[in-house]
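*Asks:* As a plain string of letters, each chain reads:
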Amino acid sequence: DTEVTQTPKHLVMGMTNKKSLKCEQHMGHRAMYWYKQKAKKPPELMFVYSYEKLSINESVPSRFSPECPNSSLLNLHLHALQPEDSALYLCASSQELAVSGNEKLFFGSGTQLSVL
Amino acid sequence: AQTVTQSQPEMSVQEAETVTLSCTYDTSESNYYLFWYKQPPSRQMILVIRQEAYKQQNATENRFSVNFQKAAKSFSLKISDSQLGDTAMYFCAFAHPTGKLIFGQGTTLQVKP
Numbered sequence: 001d002t003e004v005t006q007t008p009k010h011l012v013m014g015m016t017n018k019k020s021l022k023c024e025q026h027m028g029h030r031a032m033y034w035y036k037q038k039a040k041k042p043p044e045l046m047f048v049y050s051y052e053k054l055s056i057n058e059s060v061p062s063r064f065s066p067e068c069p070n071s072s073l074l075n076l077h078l079h080a081l082q083p084e085d086s087a088l089y090l091c092a093s094s095q096e097l098a099v100s101g102n103e104k105l106f107f108g109s110g111t112q113l114s115v116l
Numbered sequence: 117a118q119t120v121t122q123s124q125p126e127m128s129v130q131e132a133e134t135v136t137l138s139c140t141y142d143t144s145e146s147n148y149y150l151f152w153y154k155q156p157p158s159r160q161m162i163l164v165i166r167q168e169a170y171k172q173q174n175a176t177e178n179r180f181s182v183n184f185q186k187a188a189k190s191f192s193l194k195i196s197d198s199q200l201g202d203t204a205m206y207f208c209a210f211a212h213p214t215g216k217l218i219f220g221q222g223t224t225l226q227v228k229p
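Top to bottom, those sequences are chains A and B. Taking the numbering used here, the leading residue of the first sequence gets 1, the next gets one more, and so forth. Taking the numbering used here, the leading residue of the second sequence gets 117, the next gets one more, and so forth.
So here's chain B without its partners, still in its complex pose (with noise of 0.2 Å):
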């Protein structure tokens, strides 16, 4: 059975600052996506980066990177430069080949002036 696990319930970092997210996994798949999503105040879950398993080279988008390890069943998130709209909840999620999104626990980010 395919599972994610996030073991930072909370974080905080200052404006401007890099932060990392922990993310890891487990699934006997040899192809799969692993996503990041955000869901800030507003409630609405966004997408913030998403890797396919296939590609060795880490994901980036603009100040969110990846760090996937995949032998490691490791896919950590790094924010550059936070900034306070960056506060929010983020889901670690694992694609099953069902079509169903297995999220992890979350991560509370609080990002401070």
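Same shape as in the complex, but just chain A (with noise of 0.2 Å):
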């Protein structure tokens, strides 16, 4: 199994919703990402954990809340969002934390986000 899973595919939320992605693998890899991608544009870092610790904030608004309750799994809360948080959300893995590119990511498929 080489997939990283990502639910739901879309999403469309009001600006006082509170929603929760989801993002799974069952490779062992004990580091995952959060990704923000606007369309034509290239994926922005948003959040890595490593070993379920969070390692690399990119100074996300606290509006997104990210989660990782165990290896296997991370999440990502969002509440009060804003219309231009609107965008792909992709979620990677890789074995151990990709320091200096040493290791390769594998990437989930996104979920299309719309706030209203």
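Be careful, since some hints might not be right.
[Stated by the list, open to error] If you want the footprint, here are the derived chain B segments under chain A, 3+ residues with CB under 8 Å:
{"hint": "1", "stretch": "148 to 155"}
{"hint": "2", "stretch": "158 to 167"}
{"hint": "3", "stretch": "214 to 226"}
FYI, nobody ran anything at the bench for these hints, they're computed from the structure. Ideal placement from N, C-alpha and C gives every residue a C-beta, glycine not left out.
Join the two chains into one complex using the hints; note that each chain is given alone, in its own frame.
*Replies:* Here's what the structure looks like:
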């Protein structure tokens, strides 16, 4: 199994809603990542977890709250989002933290989020 | 600061022909990794090829090969015998020592039948 599974594939939410994105992998990877991607733009790193501990937070607004309950699961909790937060949210994993690029990242297909 | 530049926003190629996508980067690191990722309409980012700067030999993966010029900080991707399934957005990326991938702006490649 070399898949990173993200659910849901599409999500529409209002600015007052609370929702969560889920990412799962069963490859035994110990590093997991959240990226945000606007249309026709490159992905931008949001968070990195290594061994279930937050390793990198790229100064992401607090309305995005990551959680890594175990080594196979990564969540992104959303609250009071703005329309400009509408984007594709990609999850990725690697065997270990990809320091200097020595690890291969496996990406999921993303959750397309629309904030109304 | 590390930067990655892709100067070709869009390209097209006829099926079975060869196309080269350009990428330049800037870094003060001596050893690092460079990548080409492909993002088809399915939206999943797929690693196409990886090059370690320490290795002089250019990486190849089947129909995909790179021309890595370390002194010029250039890392181009050559796709031979282009196929319709190669239609995608291609991102050049540099691996920051923290583990963060720094992407270029992308090149949209259309393979025409």
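*Asks:* Next step is simple, just say for each hint if it's right about the structure.
*Replies:* Here is what the structure says about each hint:
no.: 1; hint: 148 to 155; verdict: holds (count 4)
no.: 2; hint: 158 to 167; verdict: holds (count 7)
no.: 3; hint: 214 to 226; verdict: holds (count 9)
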